[in-house]
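Novice: So the chains spell out like this:
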Amino acid sequence: MNSRYLPLIITALVLGLLLAAGGYFFNNFLSLRVFINLFGDNAFVGVTAVGMTFVIISGGIDLSVASVIAFTTIFIAQTVQDGMHPLLSMTFALMLGLLFGAIQGWFISSFNLPPFLVTLAGMFFARGTGFIINDISLAIKHSFYSETIRGLAIPVAKVGRAVVRIPFTAQCLILFIIGGTLLAAFTRFGRNVYAIGSNEISARLMGVPVDRVKIMVYALSGFCATAAGCVVTFYMQSGNSSSFVGLEMDAIAAAVIGGTLLTGGVGWVAGTLMGVLILGTIQSLITFQGSLNNWWAKIFIGSLLFLFISVQQLLKHRLKGR
Amino acid sequence: MRIVGIIIFWLAMVVFLYGTRRSRNVAFWPLLALACLLLFNLFFTQQFYRLELREGSFFGIPVPQLYGVPIDILNHASKVGILAIGMTLVIAVGGIDLSVGAVMAIAGAMMATLSVQLGVSPAACIAAALAAGLAAGMWNGFLVAVMGIPPMVATLILMVAGRGVAQLVTDGQIIIFNNPILTSIGNAFLLVPVPFLLMLLMLIATWITTRGTALGFLIEAVGDNEVASSRAGVSARTLKFLVYVFCGFCSAVAGLVQTSNIRSADANNIGLTLELDAIMAVVIGGTAMTGGRFYLASSVAGALLIQALTTTMYAKDVSPVVAPVPKALVILAVCLLQSERVRRLFIGRRGTA
Amino acid sequence: MSGETLLEMRGINKTFPGVQALKNVNFALRRGQIHALMGENGAGKSTLIKVLTGVHPGDGGAMSVEGKAIAPASPREAESCGISTVYQEVNLIPHLTVRENICLGREDRFAGIIRWGRVWKRARKALDRLDLKFRINLDAQLSDCSIAVQQMVAIARALDIDARILILDEPTSSLDEAEAEELFRIMRNLREQGMGIVFVTHFLDQVYRVSDTITVLRNGELVGEFPAASLPRLELVSKMVGKNVDEVKKLEKRVAVTTASGRKTVVSARRLGRKGSINPIDFDLKEGEVTGLAGLLGSGRSEIANLLFGVDAADSGEMEIDGRKARPESPAMAMRFGFAMLTEDRKFSGIIPNLSLRENIILAMQAKLGPWRKIPPRKANEIADQFIKALDIKTPSREQQLKNLSGGNQQKVIIARWLAVHPRLLILDEPTRGIDVGARAEIEELIQKLREEGMSLLLISSELDEVVRNSSRVIVLRDREKIAELSGDNLSEQNILHVIASQATEDAVKEAVQ
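Chains as they are written, first to last, in the numbering used here: chain A, 1 to 322; chain B, 1 to 353; chain C, 1 to 514.
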């Protein structure tokens, strides 16, 4: 067995155990509906985490994503209220997100600044501009949201009288996961991202356009965060510039639990999906249990992080040992 | 009377600036920025410098206390200032500590819970909270110095789990307390706010411990070139470990201050995102993220600058929510100033061998 | 066997701040030729290669490949001119698979999607051209492969881009005998296919086993190009170290250093060794004596120093310090035994670049005292000033950042750092590397002065004359083994060269017999 897939296997095992535990303790836990909701409710974390996975694989970090999501929701809410069609508004938002990420990437690559500080600045900047647009929670009222998006849900099964549907948000997540996997495994850009994160000097010597790839990576992360913001509006149907403080850490945690190495060079989009599902499952377990408290989730996630980081550390030492 | 006060203040400021410039102290730059901001307020913000002397109490003893915007700045900057002291040393050895906010929450939760639910004496509550901070620091230090995990990854664990631990301690409740001693830490005045005095005390104590002994020198050596330092016999691992422990301690103190200030332990919100402000204060203070030379007083000046910026915007009736934007610009400006490549653009042309 | 000229470099110059690394160097490579590039440290081998591969731009001179002028500004441009390099520290991506490494940046695509099937075939084809005896798993992660396999992969990558010129920079230094032999077989194969190979190495017998031509550089200058078959081993060595054979024969020791009999032994090592770095070795270091370690690069000189100073742990043998069994486990512990070591790589493990001269000088002393007993500023200033004066360190002030000083002065500062702790044994690993002549003489004088004061010194240098001049006893190393210990009348450059060269011949003979 190839040991480099070990983190991925552990992730899958943990997810399986959590789901099994849920099924054992609670009657309806392993139902199709709960499973679909797991995808739907965590779609925005997942979409953000896809971009974050690329950034981390390249050896960087992006702290700005949560603010970008909040910015996107308020941007869409405000422009729709001002009479713009949601689709147009989303297109603008996505372009802005792409540009914003690219600018962060440009600062990081061309001035050789630490990604941590640049994206920290980006985080404050996006949060502040969101507030400038509007500092209250704004409902989105548009037929596109109330009808079109809902109509896009795909019915998959009938349980009793109720029809189980895959909501559009879950579809978005699946789309991004597939897209991210293809991008990582089947494009030159994807390979270059891995190469930079693994050994930047070698990558440069082997002819990888390091600076350009870095800009593209952060642009991708900005794009994913904006897309996550759009996904949020689909089920919140409102925009709020003060929401999702600290979500960047969830995205990072999801990536790390999914087997992505925070020092770069290793990671799988599929692993990140599992990481997101693990975080979501812990959340639903707590909801199902009722009396179990939210903080156990945090402690459990922290312990999981410790487990994965230790495994990676051991693998690294084993490799060095030879 | 007020005019005299302002004149004295500005004379002091000028002397201070001149002194730091002459001694080539890095604190000059954040102080200069702070001075510019205060000068701006002198001319454009009404009532900014209005100070009132009121009758207050210090642990039950009547003492005079000052009220006014500048005092607010000192008061609010203290938490980040205290955090920045610990963070400065961590960054100086080439590390980073993301968990300080969560450790603040743990310390606050310990203090409040012990006092309210178990009726423990205030001194024991404080000691327990500080011990919790030290323990958290040891955990981080163990991961970084012994296990060799990159600092950002290692401290992420406690950043995520720490808040959960804090909630576990408070059982998810917001614990309100009104023990006069515990509430005094964050609210009492001794002419100026006690948190500010606490920050000054920590700054001076830390300065003496690092500069009065060889600790500071050895920390800088390890941060600048760890391999060379350990070849010269410096025990780099021990130093790294100690520095994280100290940072945990500082976080606990900052946690006590904030918890006491709001008279309740809210595990969810105490110290939220303050790790970022602390890192920012250190970077503004001139300590490089790559480690090496560190400047404690300058980091504290950085914390004051951040707070002054926020307060000025409140005073100017700029919606408080816009505050992050100038923060972002400050970080970016400082980063660019410290970037080798940008420096080369300006200095390198002149050709220093 | 050699065909037309493939690569020509004429009048190459390269200056780094303060050093002229290459002076008017010419180099030519023919089709189907294995051309060895030889020279000791600082000779300019790696600079020449970096100019050729576009890592450093050259300051002057012309390069051409198959008659067409080239001026590569990046490794990528050099690759497109058909020049590919395999570095000692293999520059590939550790976390990617073998197949991905071979084709990185040049994957076959259809509408932007990589066709892994084709990439797989291409990688297989490139590896097949190497005609390996074993099969490399294309889907193994590179960091799971041995260094030897990684090197094969790097060569395969070169073949995949249809390189006509292959540069192998110290390829064998991490390989064992069988692996090196396999590499040579591949090199010969590629030579048959018409490729030109530049082979940089410091192993003498390996040069003679595969090379057609040898170019020797010394101190950034071209010594000459010689056919391998007509260049005797001794002559090659003497050219590398900068003495012609007659001169070597005439050389006598300039400093008469008496063998120290009856002096107190500080360190005595028996069968001391560490797997993969130095084979078990015996030696004694005595008070008031300079012991030299001679041998070519990679012979195990620095490895011995690292064992003594506790940087690496020995895994076999014993060490006695002052007659008592002891083994330093860390530099701090070695310092408690009274050891001090000037490391080989000043930048990596010597200087603290952003701290002041004063702080650099008192560092070891302070580390020995521990963090709590601070050296008072006035005393620190005194110590710094005293050493600045005693060692004649040229600096505007003791508060100057060390990174702003020249190499020679930096070296003196680090020597001062160690003298400040009054060591009993001072290990000097390449104390004069990258230092101008004046400073060099001063350091040598200092070594003699310290010896007279009764210090025990271990001197490691690739400059043979320096070792001979300063030592009363020289341990000669080759291929991680002690092959001789010379002292008294036997100690001369000539003898050392003979020992190194003859031993090499014996090995070659032994191999031929087997």
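Hints in this document: simulated from the structure, not taken from any laboratory. Mixed in with the good hints, there may be bad ones.
Unchecked claim - Only pairs whose alpha carbons sit at most 20 Å apart, straight line, appear in this in silico SDA-like list of lysine to any residue:
1) C:Lys121 x C:Ala140
2) C:Lys374 x B:Thr238
3) C:Lys368 x B:Arg237
4) A:Lys316 x C:Thr97
5) C:Lys374 x B:Gly212
6) C:Lys389 x C:Lys325
7) C:Lys121 x C:Gly105
8) C:Lys379 x B:Gly212
9) A:Lys316 x B:Leu168
10) C:Lys374 x B:Thr213
11) C:Lys121 x A:Ala185
12) C:Lys125 x C:Ile186
13) C:Lys50 x A:Ile201
14) C:Lys325 x C:Pro280
15) B:Lys316 x B:Phe142
16) A:Lys316 x C:Ser146
17) A:Lys316 x B:Met147
18) C:Lys347 x B:Val146
19) C:Lys368 x C:Ile383
20) A:Lys316 x B:Lys316
21) A:Lys316 x B:Ala33
22) C:Lys403 x B:Thr213
23) C:Lys368 x B:Glu226
24) C:Lys368 x B:Pro150
25) C:Lys374 x B:Thr310
26) A:Lys141 x A:Ile201
27) B:Lys316 x A:Ile133
28) A:Lys316 x B:Gly148
Claimed, not checked - Each pair of labels, with its calculated beta carbon distance range:
29) C:Arg115 x B:Thr238: 47 to 57 Å
30) C:Lys325 x A:Lys316: 52 to 62 Å
31) C:Leu132 x B:Val227: 32 to 42 Å
32) A:Val245 x B:Ile8: 14 to 24 Å
33) A:Lys316 x B:Arg50: 51 to 61 Å
34) C:Ser80 x B:Val227: 55 to 65 Å
35) C:Met333 x B:Thr213: 15 to 25 Å
36) A:Val245 x B:Ala135: 20 to 30 Å
37) B:Ala205 x C:Asn404: 47 to 57 Å
38) A:Lys316 x B:Phe9: 54 to 64 Å
39) C:Arg336 x A:Val245: 48 to 58 Å
40) A:Leu13 x B:Leu201: 16 to 26 Å
All residues carry an ideal CB built from backbone N, CA and C; glycine is no exception.
Novice: Within 20 Å, alpha carbon to alpha carbon, are C:Lys374 and B:Thr213?
Specialist: Distance of about 5 Å is within 20 Å: holds.
Novice: Holds or violated: C:Lys374 and B:Thr238, Cα atoms, limit 20 Å.
Specialist: holds (17 Å)
Novice: For the pair supplied as a hint, C:Lys50 and A:Ile201, is the alpha-carbon distance within the 20 Å limit?
Specialist: holds (14 Å)
Novice: Given the hinted pair A:Lys316 and C:Ser146, is their Cα-Cα distance within 20 Å?
Specialist: holds (15 Å)
Novice: For the pair supplied as a hint, C:Lys368 and B:Arg237, confirm whether the alpha-carbon distance does not exceed 20 Å.
Specialist: holds (15 Å)
Novice: Check the following: the C-beta atoms of C:Leu132 and B:Val227 are separated by a distance inside 32 to 42 Å.
Specialist: holds (37 Å)
Novice: Would the pair C:Lys121 and C:Gly105 pass a check requiring their Cα atoms to be no farther apart than 20 Å?
Specialist: holds (16 Å)
Novice: C:Lys368 and B:Pro150: Cα distance at most 20 Å?
Specialist: Answer violated: C:Lys368 to B:Pro150 is near 28 Å, above 20 Å.
Novice: Could you see if the CB distance from A:Val245 to B:Ile8 stays within 14 to 24 Å?
Specialist: violated (41 Å)
Novice: Going straight from one Cα to the other, do A:Lys316 and B:Leu168 come out at no more than 20 Å?
Specialist: violated (34 Å)
Novice: Could you see if the CB distance from C:Lys325 to A:Lys316 stays within 52 to 62 Å?
Specialist: The hinted range 52 to 62 Å is violated for C:Lys325 and A:Lys316, with Cβ atoms some 35 Å apart.
Novice: Holds or violated: C:Lys125 and C:Ile186, Cα atoms, limit 20 Å.
Specialist: holds (15 Å)
When the structure is compared with the earlier hints, violations turn up for hints 6, 9, 15, 18, 20, 21, 22, 24, 25, 26, 30, 32, 34, 37, 40 and for no others.
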